[in-house]
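Based on the provided sequences and hints, a complete structural model is requested.
Here is what each chain is made of, one letter per residue.
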Amino acid sequence: MYRKKYAPIGSVPGTLVLDANSDRPNIQSFIYDQNHVEENICSGTLDSTEYFKELDKIISSTAKSKEVTWLDIKSVLNEETLKRIALAYSLHDLTISDIVNVPQRPKIEEQESYVLIILAIPTLEEDCTISVEQISIVVGTNYVLTFQEHDRDVFNPIRQRIRQAKGSIRKSGSDHLAYALIDAIIDNYFPILEEIGTHLEEIEEELVDNPNKSTLSDIYTAKRTLLQLRRSIWPHREIFSAILRDEFKIFKKTTRTFVRDIYDHTVEIIDVVETYRELAGGFMDIYLSSISNKLNDVMKVLTVISTIFIPLSFFAGIYGMNFENMPELHSKYGYPILLVAMFVVGATMLFIFWKKGWLSSEKISEDS
Amino acid sequence: MYRKKYAPIGSVPGTLVLDANSDRPNIQSFIYDQNHVEENICSGTLDSTEYFKELDKIISSTAKSKEVTWLDIKSVLNEETLKRIALAYSLHDLTISDIVNVPQRPKIEEQESYVLIILAIPTLEEDCTISVEQISIVVGTNYVLTFQEHDRDVFNPIRQRIRQAKGSIRKSGSDHLAYALIDAIIDNYFPILEEIGTHLEEIEEELVDNPNKSTLSDIYTAKRTLLQLRRSIWPHREIFSAILRDEFKIFKKTTRTFVRDIYDHTVEIIDVVETYRELAGGFMDIYLSSISNKLNDVMKVLTVISTIFIPLSFFAGIYGMNFENMPELHSKYGYPILLVAMFVVGATMLFIFWKKGWLSSEKISEDS
Amino acid sequence: MYRKKYAPIGSVPGTLVLDANSDRPNIQSFIYDQNHVEENICSGTLDSTEYFKELDKIISSTAKSKEVTWLDIKSVLNEETLKRIALAYSLHDLTISDIVNVPQRPKIEEQESYVLIILAIPTLEEDCTISVEQISIVVGTNYVLTFQEHDRDVFNPIRQRIRQAKGSIRKSGSDHLAYALIDAIIDNYFPILEEIGTHLEEIEEELVDNPNKSTLSDIYTAKRTLLQLRRSIWPHREIFSAILRDEFKIFKKTTRTFVRDIYDHTVEIIDVVETYRELAGGFMDIYLSSISNKLNDVMKVLTVISTIFIPLSFFAGIYGMNFENMPELHSKYGYPILLVAMFVVGATMLFIFWKKGWLSSEKISEDS
Amino acid sequence: MYRKKYAPIGSVPGTLVLDANSDRPNIQSFIYDQNHVEENICSGTLDSTEYFKELDKIISSTAKSKEVTWLDIKSVLNEETLKRIALAYSLHDLTISDIVNVPQRPKIEEQESYVLIILAIPTLEEDCTISVEQISIVVGTNYVLTFQEHDRDVFNPIRQRIRQAKGSIRKSGSDHLAYALIDAIIDNYFPILEEIGTHLEEIEEELVDNPNKSTLSDIYTAKRTLLQLRRSIWPHREIFSAILRDEFKIFKKTTRTFVRDIYDHTVEIIDVVETYRELAGGFMDIYLSSISNKLNDVMKVLTVISTIFIPLSFFAGIYGMNFENMPELHSKYGYPILLVAMFVVGATMLFIFWKKGWLSSEKISEDS
Amino acid sequence: MYRKKYAPIGSVPGTLVLDANSDRPNIQSFIYDQNHVEENICSGTLDSTEYFKELDKIISSTAKSKEVTWLDIKSVLNEETLKRIALAYSLHDLTISDIVNVPQRPKIEEQESYVLIILAIPTLEEDCTISVEQISIVVGTNYVLTFQEHDRDVFNPIRQRIRQAKGSIRKSGSDHLAYALIDAIIDNYFPILEEIGTHLEEIEEELVDNPNKSTLSDIYTAKRTLLQLRRSIWPHREIFSAILRDEFKIFKKTTRTFVRDIYDHTVEIIDVVETYRELAGGFMDIYLSSISNKLNDVMKVLTVISTIFIPLSFFAGIYGMNFENMPELHSKYGYPILLVAMFVVGATMLFIFWKKGWLSSEKISEDS
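Those protein sequences? They're chains S, F, E, U and G, same order as listed.
Residues in the first sequence are numbered from 1 upward in steps of one, following this note's numbering.
Residues in the second sequence are numbered from 1 upward in steps of one, following this note's numbering.
Residues in the third sequence are numbered from 1 upward in steps of one, following this note's numbering.
Residues in the fourth sequence are numbered from 1 upward in steps of one, following this note's numbering.
Residues in the fifth sequence are numbered from 1 upward in steps of one, following this note's numbering.
Where hints are given, some of them may not hold.
Since copy identity is lost for identical chains, a pair holds within one copy or between any two.
[What the hints assert, rightly or not] When the alpha-carbon atoms are kept at most 27 Å apart in a straight line, the in silico DSS-like pairs for lysine-lysine are as follows:
id: 1; residue 1: Lys64; residue 2: Lys356
id: 2; residue 1: Lys171; residue 2: Lys83
id: 3; residue 1: Lys83; residue 2: Lys166
id: 4; residue 1: Lys213; residue 2: Lys332
id: 5; residue 1: Lys107; residue 2: Lys64
id: 6; residue 1: Lys294; residue 2: Lys64
id: 7; residue 1: Lys294; residue 2: Lys355
id: 8; residue 1: Lys171; residue 2: Lys74
id: 9; residue 1: Lys252; residue 2: Lys66
id: 10; residue 1: Lys356; residue 2: Lys294
id: 11; residue 1: Lys332; residue 2: Lys66
id: 12; residue 1: Lys253; residue 2: Lys83
id: 13; residue 1: Lys294; residue 2: Lys166
id: 14; residue 1: Lys213; residue 2: Lys356
id: 15; residue 1: Lys253; residue 2: Lys171
To be clear, the hints were calculated from the coordinates, so they are not data collected in a lab.
Take a look at the structure:
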């Protein structure tokens, strides 16, 4: 649950834990305004010279034009690529460090010429745990850079909207593009919440019908997943409320209306996560009381059987003694009288237990 | 507990998850001032042309007059209807999205020409769970639009007051109408609280008299219902306190006095919900300790019976042995002496258990 | 614990749930300044004409004089009486509604010409639950109105001080009178705290000496009472801190010094209530562990007895078998040797259990 | 834990619950500046005329001189003494009331000519509970009055420093003296924390080595003591932070630097108390699970013994039957074969239990 | 967990609890600017005269030059050394007191000519507990003093960076040096978090596979360690946020950007600690329910064996009685019929228990 690459203690701030030999990332760029759109892909499979020539071409066009440029860098470990981009967009050492040393806590930070936004995008794994990936967004006046940990397709719908000029995205500036990207990221939380909701319902049914040891580990896993989800969603709230408080000039008023929508979604996600956490917390109590109930049922069976047969065995033991002078043994009706007496005692006890409700097969079968 | 229609991830903000073929909603309109009132119903059963002609007529009269117009749209899924209304009252894309994609978290939001208020109205179902419906209210300078999920009669008393000019509603503007509508919605929480209160009292009695497995699930259901209720009432508080802080110009000072009354009600509802939650939380502890008490009683019965008869059986076993040289067996008084000894031992043990209070039938009957 | 009269959903704000035929309340009035004091009683047993003539006389003298008038209305259900008072002091519809629809949450609210303060006065019932009564205080520039639910004598000491001109009450304005009345109300919490404190100590002793099932219900009742007390005292804090923040012009600086004293008392009450709640919360844990300890003791008795006698019975059983070829049976010393062996085994086991501390009668007697 | 003298409900604010006949308190006075120091003791054993003559002399010298006067009044119940001091230093009625009606909640309060500071000084009793005493400090421009509940020697080190002109105390004003006195009071919390820390460590060891019933009551007592300590230290924080926020003109900037030091101490005390509370909270869980573990061990012993011997006894019972036709009984090797069979069965069961780890004497001895 | 040297109660503030005879500390100094760097070591093994001559030389060069001076004092107990440094850099009495009386709560404090920062550096001991050491940093305009409790090598990487002019450290002022030192201290928390994370994972596995008594003490130790870690990291957050709020002029804007990075790290550490605390809290519940499950399994074994054999023994007992008139005994097939009947009864019971799932060896072996 907690694994992170650290720079060595006391190292120069911004030290990159990079592998100079790691693959060059795919970079997909869009340059667009209301009237036209240009799309380039700088593939990591190109050879080095070609690759950087292509990259420089994309970068240089940002500086010249008033159009919005979006660079989507699909991995963050190649040193040379990062250096060129950092130089072109004058990224601060600490910004680079935040982008590379994943995962950082989600945050927003203003630098001289841009705003850095770090977000966390969760994935629900097979075993119902959460893995979190970092996406870093650098928003400048006429450009947006996105850095992903791995090449995923989370931004595909945005690409479609740019190509097809759907909505107001092509008419608006870099801040609106940033909004659209953030929105696409936050939307990823909802299907996860839904799956967890379904999972909690399953656990609930299991708790009622047939609680067993796997139920316990299911409850624990659900609690841990919710804990992770909560830790990853909470910081986003601060990010969006900081934007709404108008702390960053790059976000214009019209865009802030849309960011308010993301903020509302985030609050809702938090709400649901907290509600689920309370529900899951209650499950543990139910599980514990169901174990106790089971123990009660086991003990009732033992007690009923023992309480009936131990006294009867005692009476049988009495008449199994070898005293010479035991007149009952010689009586003709001693044996049948004893049998009847035993039956009466046993039946009386059964009746008492039935009155106490210790025999009710309904209860016993219910939780067996 | 958590089911929601989502727009696809990354779709254009304000995308409507609408069914073009869904039924046209009933729309009931009031146009009134102090002196006169006009009521129209635009029924969903009319054919398309008639329906929209009627709708346009209602809408156009809003623009012209200084009177207050109230449109009550009794379902939100017909695309054409929504589009016309959105156009007429220049509703923002995000507003439409909030109205359609139910349930949203309750909130208040100012747009250029109107304020959007989203509220949640709860219903207590048969099985003691809560279902929540969204009501969206758009408050303009001289109009109020209400969008309900289903055609319910929650606003009937308000309609009566408009028709009969009761109270100050006909003398006041659109903000006072909005207040009256909100008040009618919030009032729905009180009877639910009362029912839950009664339900908690029943559980409490059951816990004292005869706790069983259905008690456990009753406690759990009550806790979950209170959790839902809490999640749905809390956001309202922020809404009303925002109005009281005078953040929205549309609400005049005289109306704010009344909104303060709703605010007080909301705080009271929250208070009661939190108190109930604490009570219900305590129930679990009592249930657990009652299970443990029951186990104690079961074990006492087992222990008393075993402790008395196991030693006695041992003595009977001794004299059931077949050793040739056992002088007691041949003594004339061996048998009666042993019987008396056994009786004394048994009685002594019973006395000890009685001193310990393990026999007190009062206790056993109490929790059987 | 939660019972309230509601106005019907959606009714005109300020609708009174009044019975026109209910008895006219006793009204006791004081009109005083530094030099003279006049006391009137308008008894509910007078006939209607007399009653209202008397009432009007009292009311009219408020308007004319600069002296302080205090009207103590000792029940709030007679419609005619309330209407006349509301008219005379121009009370807002919502004020009347707050006074009549008891219990309201304690609060303070400014209206044009007066401040409305709603307080809760608790009574500890026989069964250690709390019942709360509402007292509404309307403070004008030269008058104070108090509305009580029932005719109680909580204000008697204040009446004495006015009659005898004790302290500074006769020299000060209506705000000081209001302070004195509030002080008398808040003082009622202290003896209740003291009684609850004594009750908690009794429970504590019971937990240590002899925990039983009534202890459990005592703990639960105490927790519920503290919950009620907390819910009723907390809102007062906001009231007094609002006065201290100088939000209400009617309270002069000299009076605010005294209100600060009430504020300190309120904080102290809250402090004690929270401390008691924590203590009572810990009781449950102790109770649970005492049940478990009892179970342990029961099981130890069973285990000691069974573990000693079951093996011994087995040996007796061996020699009770009827095999023809059992040489031990015919040996002369078989029987005494076996008896000695059994004694040694039994004694050894007892010694082992004694070493384990399972026999220590101290422990068993302690919690029996 | 909660005992307090109350003034009767509704009495004039500032009513003193005093005994006119109580002993006159010892009063120790210092009048000093940088160059000289004068010390007087006005002993409670003097006769009335002498006593008040002496007192008046001390008081009068305050008014005249610019030197700092410190009056340490070592009991607060004599009415005449209090009245004279109140008159001389024009103390507000509420101030007197706060000084006399102990214990008040610690607080700071500004009056016209002085600041009243009420502090709580704790003592750890033999039985590990806390008793709290109130010390009231009145700080004027050139005088400090301290009122103690009983004649204790908590201020002795300060007296030494004044006499010997150690540190800057003789060079500074009344605010520095007040600081020194407060510091001496707050320092009393540290040794108590240390003792409680040692006590918690002892409990912890007991929990690991040999948890028993006295452990439970030790845990409870520790929790209660920490609760009391917390309730008494928390309000001090507000006092010192109010001084640091510069709300009281009497405290000069140089003194505030020192008060910041006390503030830091207070925060540290709170920190430690909260940490201890969390530790003590965890103890309960450990205790509960240790009881359960013990029960498990008891039950394992019972189960092992019963499971081995009950089946064996059954087989012995079979061959103790008196059927005529039981061929095994007449076989020569019946008996030894059965004995071997029994041994094999018993040994097998023992082996199974050993595999399950139910026999491991290490575990059993560990918690016996 | 809580051990501290206290100055005697009521002593002069700033009293040093020093040993005049304690060893003189090693002092390592750096004097540098962009172009040159000078390094001195004033070893504690020098004789007194040499030592102080050397020390004075270092100190005097601070006053003269505009270069940055860094004095690293590697122990704080020698009185003479401290006095000289305090005099040279005009340290306030309380500053000295904070440096010497370790451990103080981490804090930041401005004095006339410098800022005092007190930090806590944790070490994870062998037994998984935390020990905390204090490092005090005094930041002046052109000097930084660091006081360590013991001579550790935590600042080595910074020394390397100064010598090799790596990063911007040699180009920046004393505030940047302070930042670098603080960064090196805070970085020490990360490896500890990682180790605790691994430890928690081990506990988790143990809980699932084979919970035993050492698991309980592991959980408790982990919780206590996290409690200590939390107590030591929280105050740092206030320190860095105070710097970010620009409360201290000595920290320039460029440096504050870097401090923001430390702040983010601190928030992340707090985040992880709180997450771990929640996880560890859940472990206790799992442990308790695993004990209960084990008890259930033990009781099932006992119940199955007892329930089968006790009734069978009873039947054997019946036919072991010595009544003369028991016809079954003389029947030829009595014995085999009884054996068959016993087998049928036993098998039936086994079948019932198997249906109940009490026999499933999978379950029993799982948690044995």
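Query raised in the report: For which of the previously enumerated hints does the structure constitute a violation, in increasing order of number?
Result: 1, 4, 5, 6, 11, 13
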